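Novice: Listed below are the residues making up each chain.
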Amino acid sequence: MTQPDTDVPDIGTRAAAGEASREQVVDGIYTLLPDVLQRDLAGLSEQTGLKAELGMESTVALELILRLEELLGVEVSVETLDREHLATIGSLAGYVTANLLAEDED
Amino acid sequence: MWRGCTVTALAAVSSYLPDKRVPIEEPAARLGLTEMQVRVFRKYHKQSEVRLDPGGSLADLLRGALAGLEGLRGHERQVRYVLHARTLPGIVPYPVHPIRDLCHEYGLGHAETLAVGQHACASGLLSIDIAGRLLAADGDPDALAVVLAGEKTFTAEAQLVPQTSFLGEGAGACLVRADGDRDRLLAYSVDLRGEFGGDGAQLNPEFQEEYAGCLAAVISAAVERAGARMDQIGVILPHSVNVIAWRRVCRRLAFPLADVVLDNVASCGHVFCADHFINYRTARARGLLQPGRRYVMAAAGGSGGGVFSAMVFQH
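Respectively, the protein sequence lines represent chains F and D.
The numbering of the first sequence is my numbering, which starts it at 1 and goes up by one.
The numbering of the second sequence is my numbering, which starts it at 1001 and goes up by one.
Among the hints, erroneous ones may be present.
[Claimed, not checked] Sample of chain F residues facing chain D (criterion: CB under 7 Å; computed from the structure):
#1 Arg39
#2 Thr59
#3 Glu75
#4 Val78
[To be verified] If you want the footprint, here are the derived chain D segments under chain F, 3+ residues with CB under 8 Å:
#5 1034 to 1045
#6 1244 to 1250
If you're looking for bench data, these hints aren't it; they were derived computationally from the structure.
Here the structure is a predicted model, which means the values were calculated and not measured.
Built from N, CA and C at the ideal position, the CB exists for glycine as well.
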């Protein structure tokens, strides 16, 4: 897996099951995006447009969420996920943080 | 695009699924999908298996549906038209003509045969509409038409709708009358979106973005045209592309996802234009179609631009 140049802590061991802070989610997205989009990325911020700037399609966003779940050890409900949540890194992080499932939920 | 309706009735509906179940990992490996992409299909799209008939022909699939079509036997001479609804324009090598062969086999050699593929995966609904119009124009109240649907997954294009759905083999059929007690077509609405491009519109990001909104809008339009409200619709019989797309459509319609017959997504995949007939049989088996109750068939197609269509029936 391609890793960014920045020093990213081991988020997976830091988060308890069913819990992740917005900061952890944002860091996780920074970590995973280059691999999911299969290219080097620089200058990412919460304002970076996932579709408009990075050309990420909704199915690829699902792959990103799946990888986030594994990285952070969480489960995310995608029941209410819609295109507005995929506008920016910040909006996706907000959605993920607000839609974490408790450990015993499906 | 809006359409008024002739009075069209579905006298009978049948379906056929081959026995062989194949996990989606098999076509995925052939098509070069990554493990992660397959997991997205399993977890979010809720697709696990497709049905295949590896040794069988297209005629074998369609025969399965035709053989189960109640009301056909003994009434073959009344059948004027046999329509094959198809997603893909080329389904068999020239000059093989399985539809004509089947017609001769089933005593339908006298019927006019035609292929309807202009609406891609929504061509099943278009075929019902055309069958009803042809019969109405003829004016013979006893005349019938047969709509067949189902295709083989020979090519890569016929095995996967990129980022959307694995396709499976199976078939469906319906017997159409110009008029009748069941199931009466109350409204048909179609939205043709040529701006989404030509063949392979499903790869157009705009098509993907607008998909749920367009499909929800065309369902709303058909329901309104039928003089009904969404809360008067018993079930939606969908095209079985995946669960996440229908989740988005339902949210826009404020319609319960549980009332969309998605039972076959996981075990059969998207069976081209036959999904509605297969899901109809599932709904019947589950007792979801009640006399007098209205239901919706809805589909989207991504070839020759985007096509979104919905029909409202009364059972």
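Novice: A separate judgement is required for each hint: does it hold in the structure or not?
Specialist: Here is how each hint holds up against the structure:
A least Cβ separation of about 15 Å between F/Arg39 and chain D goes past the 7 Å threshold, and the interface hint is therefore violated. With its C-beta approaching chain D no nearer than about 4 Å, F/Thr59 sits inside the 7 Å limit, and its interface hint holds. The closest approach between the C-beta of F/Glu75 and any C-beta of chain D is roughly 10 Å, which is over the 7 Å cut-off, so the hint fails. Restraint check, F/Val78 versus chain D: the minimum CB separation of about 6 Å is within 7 Å; hint holds.
Evaluation of the coverage hint for the segment 1034 to 1045 of chain D: fulfilled, as 6 residues show C-beta separations to chain F shorter than 8 Å, against a requirement of three. For the segment 1244 to 1250 of chain D, the stated coverage by chain F is satisfied: 3 residues place a CB nearer than 8 Å to a CB of that chain, which reaches the threshold of 3.
Of the numbered hints listed earlier, those contradicted by the structure are 1 and 3.
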